[in-house]
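**Student:** Construct the entire structure; sequences and hints are all you get.
4 protein chains.
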Amino acid sequence: MGVNAPLNRKLRMGLVGGGQGSFIGKVHSIAACLDNRAYVAAGALSSDPARAKASAPDYDIPADRAYGSFTEMLAAEAKRPDRIDFVAITTPNHVHYPVAKAALEAGFHVVCDKPMTFDLAEAEKLVELAQKSSVVFALTHNYTGNPLVRQARDMVAGGELGEVQAVRASYIQGWLRTRLETGDQKQAAWRTDPARSGLAGCWGDIGTHAYNLARFITGLLPDQVSAHLKTFEAGRALDDYGTAVVKFANGCLGTVTASQISHGRENDVRIEIDGTKASLEWHQENPNVLWVRKNGSPHQTYTRAGGPYLSATAAGSCRIPSGHPEGYLEAFANIYTAAFDDMARRLSGDKSPGKSGLYPTVVDGLDGMNFITQCVTSSKEGGAWRSLKHPLLK
Amino acid sequence: MGVNAPLNRKLRMGLVGGGQGSFIGKVHSIAACLDNRAYVAAGALSSDPARAKASAPDYDIPADRAYGSFTEMLAAEAKRPDRIDFVAITTPNHVHYPVAKAALEAGFHVVCDKPMTFDLAEAEKLVELAQKSSVVFALTHNYTGNPLVRQARDMVAGGELGEVQAVRASYIQGWLRTRLETGDQKQAAWRTDPARSGLAGCWGDIGTHAYNLARFITGLLPDQVSAHLKTFEAGRALDDYGTAVVKFANGCLGTVTASQISHGRENDVRIEIDGTKASLEWHQENPNVLWVRKNGSPHQTYTRAGGPYLSATAAGSCRIPSGHPEGYLEAFANIYTAAFDDMARRLSGDKSPGKSGLYPTVVDGLDGMNFITQCVTSSKEGGAWRSLKHPLLK
Amino acid sequence: MGVNAPLNRKLRMGLVGGGQGSFIGKVHSIAACLDNRAYVAAGALSSDPARAKASAPDYDIPADRAYGSFTEMLAAEAKRPDRIDFVAITTPNHVHYPVAKAALEAGFHVVCDKPMTFDLAEAEKLVELAQKSSVVFALTHNYTGNPLVRQARDMVAGGELGEVQAVRASYIQGWLRTRLETGDQKQAAWRTDPARSGLAGCWGDIGTHAYNLARFITGLLPDQVSAHLKTFEAGRALDDYGTAVVKFANGCLGTVTASQISHGRENDVRIEIDGTKASLEWHQENPNVLWVRKNGSPHQTYTRAGGPYLSATAAGSCRIPSGHPEGYLEAFANIYTAAFDDMARRLSGDKSPGKSGLYPTVVDGLDGMNFITQCVTSSKEGGAWRSLKHPLLK
Amino acid sequence: MGVNAPLNRKLRMGLVGGGQGSFIGKVHSIAACLDNRAYVAAGALSSDPARAKASAPDYDIPADRAYGSFTEMLAAEAKRPDRIDFVAITTPNHVHYPVAKAALEAGFHVVCDKPMTFDLAEAEKLVELAQKSSVVFALTHNYTGNPLVRQARDMVAGGELGEVQAVRASYIQGWLRTRLETGDQKQAAWRTDPARSGLAGCWGDIGTHAYNLARFITGLLPDQVSAHLKTFEAGRALDDYGTAVVKFANGCLGTVTASQISHGRENDVRIEIDGTKASLEWHQENPNVLWVRKNGSPHQTYTRAGGPYLSATAAGSCRIPSGHPEGYLEAFANIYTAAFDDMARRLSGDKSPGKSGLYPTVVDGLDGMNFITQCVTSSKEGGAWRSLKHPLLK
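Protein chains in written order, with the numbering used here: chain C, -14 to 379; chain P, -14 to 379; chain R, -14 to 379; chain U, -14 to 379.
Any given hint could turn out to be false.
One copy or two, either will do: identical chains are not told apart, so a pair holds if it fits within one copy or between any two.
[Stated by the list, open to error] Taking lysine-lysine and the DSS-like style, the derived pairs with C-alpha atoms no more than 25 Å apart in a straight line are:
1. K262 <-> K171
2. K215 <-> K262
3. K279 <-> K171
4. K232 <-> K365
5. K365 <-> K86
6. K110 <-> K86
7. K279 <-> K215
8. K336 <-> K(-5)
9. K38 <-> K(-5)
10. K215 <-> K232
11. K262 <-> K279
12. K64 <-> K336
13. K262 <-> K232
14. K262 <-> K86
15. K38 <-> K117
Don't read these hints as lab results, they were simulated from the structure.
**Tutor:** If you want it as structure tokens, here you go:
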């Protein structure tokens, strides 16, 4: 909480997106500000300049820093002594790349919503840009910010599961069971529009979350994928359901399933991981527990309670005592927190790697775009195997 | 309970398998006798005649009806005025066909454990034999006997889910995480032995249960399958993990996953079904509830409690009031109960179809063997699509 | 399964109660016969002789052993060489004592439903009768038959919880939310009738189960009670809700709450036990798990899975592998099983104590009647403390 | 989010307590600032002036507004044009009253942690003071801020439960199972110290939460209480366990139980409410669901999902879409939000009652102190009935 050591001041956020009617922009601002380490200093809140200005008071953005476009914001802010430290990109997908590119080139740190870009080519260019620069680039695969997801990851990394051999990840929603996009539902409209969402609908919006979660926890490199995407709502331009089989480099077999058309299901992200020594299960809708199982022992339920069994990273990702539920916002804020640690270090002149392993980066963004792209192609080819190896993916 | 109308006496069971060290033979006898409508009259309890005899007192089988082989049993029983009414086949898979064939040819009713046969060719022959005869042939895909599974099926059949578009079925176990088959674990030994289990291990033992459950509840006909089976325990001769994508004839997309190597997981059968009007979720380890969800309404939890919302079949499948858990044995017994209704009718001369839709039959057994066979082939061919249409599958 | 060593034959049950329209009589017969160690040999199934006879075929009772009254049954059976071994009393409460007394005096073993008698005086007389005789007297507080309840008890006895300091037990139902007793619901009618149920309604029917469960698991002796019983349904003659504070002899503080008027609640028996070293939680509607918690450790979920952590008694109380749910009937049968072990021993001439600690006995029945009686008195006196110490309660 | 209509600016918080080592002070500041409607403008963070100053940067409090005592803060702030709008009292209990009194007298709005005061006399004086003034006085019984708790309350108020007849509320923790207070655990030290905590330990800290939750949801007025408090950890000066029976004015029977010594239990607040038409159940550790049950219907699980079934107040208490968990901080913030609405109105000159029913007030604080006081007395008198009617309790 409070200042950012060693920088010793709050970080200044430049918010792109988040205008009236938006959902995720507000989430970013709450998450970024939750620990009082940042504030929204400037914004280009909408592609409609009038709405951009009108939305500024919602974030306490002063009128002179409520810009009509991100270009304008970056140009004006670059000249200020109290210029923004980072840009948060919370727009529909097709706008991610131009904003991120411009921010990187201007030397601003970047926090970008997922999926990272509109297409794979943009993602590749962004990796190159980011790797040439020295800025922090964080991608908000927010579920990885949950303390018990980080615990799971640390357990795998520490060998407590042995070799990971099977992963089952899914993300089941129901809100697009009807064609909300034909009404005035902004969230539905852009997510189902190929011009704004990209190649995929459900698969890019949430399938990629499930895939990333599997990658984050297991640390396994992907090898190949075979996918089947479906559009169940007649007239919809993009997929609203899909499933994929993923072969990982070590021989692990994974499945990823995502749905937007399952009645009554909300944001049901679940992951199960089987290792040779133990297995794990975690559900996003009940995020404060992690089930750990081992043949011959009682099943174990890890909570956020302190104790010798919780990793330092997991324990350090909690704000309040166990039993008092933490949720979506705290997990989201944990992505910001780790990125802030790195930003503060770099702004203070320290270029060491820091916490870059703790939050998803531009390379994870590329991995996600590659996953989406190969899945869409695989699905068009009847489930043909596509490689998930990518030269930029370490 | 008690007598079987219109037959007005208990049915006489001839048990094949179930000798000392067996598991499923005892389950069959408990299930068959639970409602006092049948008793174990005779048995060929083991392929080892000495053990067959020694095991007879466990079932109250008199010495003169404790046979050394099923051939002996069928021959001797056929001559008795109080001959057995049905044969229950509870042996390893490779023995199912010869027993079933002999029983059918001798005019005995049959209750057979799953998977139905050693290979698809045997299954095809059995369908033809059964269809020529007038006997009852019931296959113990026991999970379909759960009252709330039957409720789910009735809801789909009654249109409460609308069109079914997606199904996710899985069966996750952990007991074969180590190579129990190298010790003296009989259950593990035959299940992992190609000479006794058939083409598949995990997939035939439990993958087929998950597939059958999906078929039973949805009533959808299968079209094609793409499967990936794995053997994670080095040295094991058959698969111990697998996943498949199933396309159904109506365009529904299904996934089936099964594991025997997931630490600490017991018999975790789960199924989720998405329809255009509502969705369902059921877990075998918590079988007394069924979750029904519909956008815009509170989630609903159906229990075995009576009331206008429970179908007559589901209500009729319960023995005790809701809140007092029923479990595996009762569900297993419900398969027997429905088959007994048909047996009693036929033994009384009535040849009408009766409850033949309520328990899995020889055709379901064929469907299962076809599923196993096509999945194994698909897996060998890298997940190639294989047809699940079969001329004998209506 | 099968014969009862060292007796080497099935036990013969004489069922009192269980006529058409009954619930618990059928439960007793299923439970007694589940393991094929007993069969219903004779019955006095109803106080209406015609219905008693008509109900006999439901239990395969031959016509000549379908008696018109329990007096008739005991007299006739006493003369037979294949006389019944035990009497199962499944009538409304007011009939328990005369049947039990007559059975004890005639030297039959007894299995009696709870609460044991109509009033405390009868209970006291029954203890004296039973203690003078050498018969087995088992009381079906059936929830104590659950494997994980027995595990809980063994853990307390083994010191794994340390000193037990607090217990919270409850039994919440909703079926008597309306006055079913004014219609033709037999179960409701006698339970709400002081002439048949005794001093208490809800409290005798289910409050006593919750109390007994606490006593069974903890082994603590009761000291004093303060109770508050309520009748919420206007016109009902007996309580339908109640709560009590129980002081145990060691200083442990207990609470017992029972309801029959909680909408939608089924048979929700829950118990939580706090010891100085660990705590336990168990729910009857989800009986196959036991939660064990200890500060500083992950929460543990015990299941019926074998392994070093399950006590021999708990493991020996399971019929099927873990993950395949066992429920109400199996737990009920476990009471019978333990009693059968003792009956078979005694019938073989062995008078040693055997398993008499594993099933509730006549003394537990007295304890329950004393609990009911003192609670009713306490409630009438505004919650005054009443002693639960009783000279016959060791 | 953003400005407070009609005031059109952020509210300025003066934080009392919250210095290094504190827990609840930080929670208050996060909760107050979550929606960007307030910021911490000044603070008297510790009774130790050096620590008070040192802690200021954690809250971005400028040095000149980091005061050495609350007296100093109130005096200095009263003179500033940008003076604080409200005082948040987050100290140990014995300091609540002097701060609240001084704040009220100086005309500052107040948000006070619970229990409201050190003793009942202070509470009575505070009610009089508050009722004479026109300031907002909010008490942070934070669990009432959960959307589904507010939904429960709206359902009761709207008659959906019928008459409420029984309530079971409990709050089970385990962290004080050992005498943490003998070490350097500040949270444990003051809570177990009669000089700082007041008459009660566990009962004042969490028993009062459970009681308040019952009062908030049901709206029932209390009549009488009989309580039993225990100190299980030898040497501890205050209770660490307790249970009470509460009679409400309408005849409803309630039970309240609280523990700090239940191994492994975290913050397990549960409440069950039985009405003549339906029943409710809610658990704080799983706060995003509310179970609603009605005989003859499937059980219903309400979530935060929008729809015709969620009350406007409940829906308006959510920040993010259902399925994305909200937790402790959001619920806490909802208390602030409702109080802010009233503060902003009053600061704009509007004296109408506003949302004063939506957050606990000074009268609820009095009710809590009366509850604690009568329970302690009752317990000392062996559970004697004590009146909960209080002339200041409407």
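**Student:** Next step is simple, just say for each hint if it's right about the structure.
**Tutor:** Each hint tested on the structure:
1. K262 <-> K171: Between copies, since 24 Å is at most 25 Å while 46 Å is not.
2. K215 <-> K262: Cα proximity of K215 and K262: across copies only (18 Å, versus 36 Å in one copy).
3. K279 <-> K171: Cα proximity of K279 and K171: across copies only (22 Å, versus 46 Å in one copy).
4. K232 <-> K365: both (19 Å within a copy, 15 Å between copies)
5. K365 <-> K86: Intra 31 Å, inter 45 Å, cutoff 25 Å: neither.
6. K110 <-> K86: Classified as within: same-chain Cα gap 9 Å, cross-chain 63 Å, threshold 25 Å.
7. K279 <-> K215: Between. Shortest inter-copy distance 21 Å satisfies the 25 Å Cα cut-off; intra-copy 36 Å does not.
8. K336 <-> K(-5): within (19 Å within a copy, 37 Å between copies)
9. K38 <-> K(-5): Both: 24 Å inside a chain and 19 Å across chains, each within 25 Å.
10. K215 <-> K232: both (21 Å within a copy, 11 Å between copies)
11. K262 <-> K279: Classified as both: same-chain Cα gap 7 Å, cross-chain 23 Å, threshold 25 Å.
12. K64 <-> K336: Classified as within: same-chain Cα gap 24 Å, cross-chain 47 Å, threshold 25 Å.
13. K262 <-> K232: Only inside one copy: K262 and K232 sit 20 Å apart there, 34 Å across copies, limit 25 Å.
14. K262 <-> K86: neither (44 Å within a copy, 44 Å between copies)
15. K38 <-> K117: Neither. Shortest intra-copy (34 Å) and inter-copy (43 Å) distances fail the 25 Å Cα cut-off.
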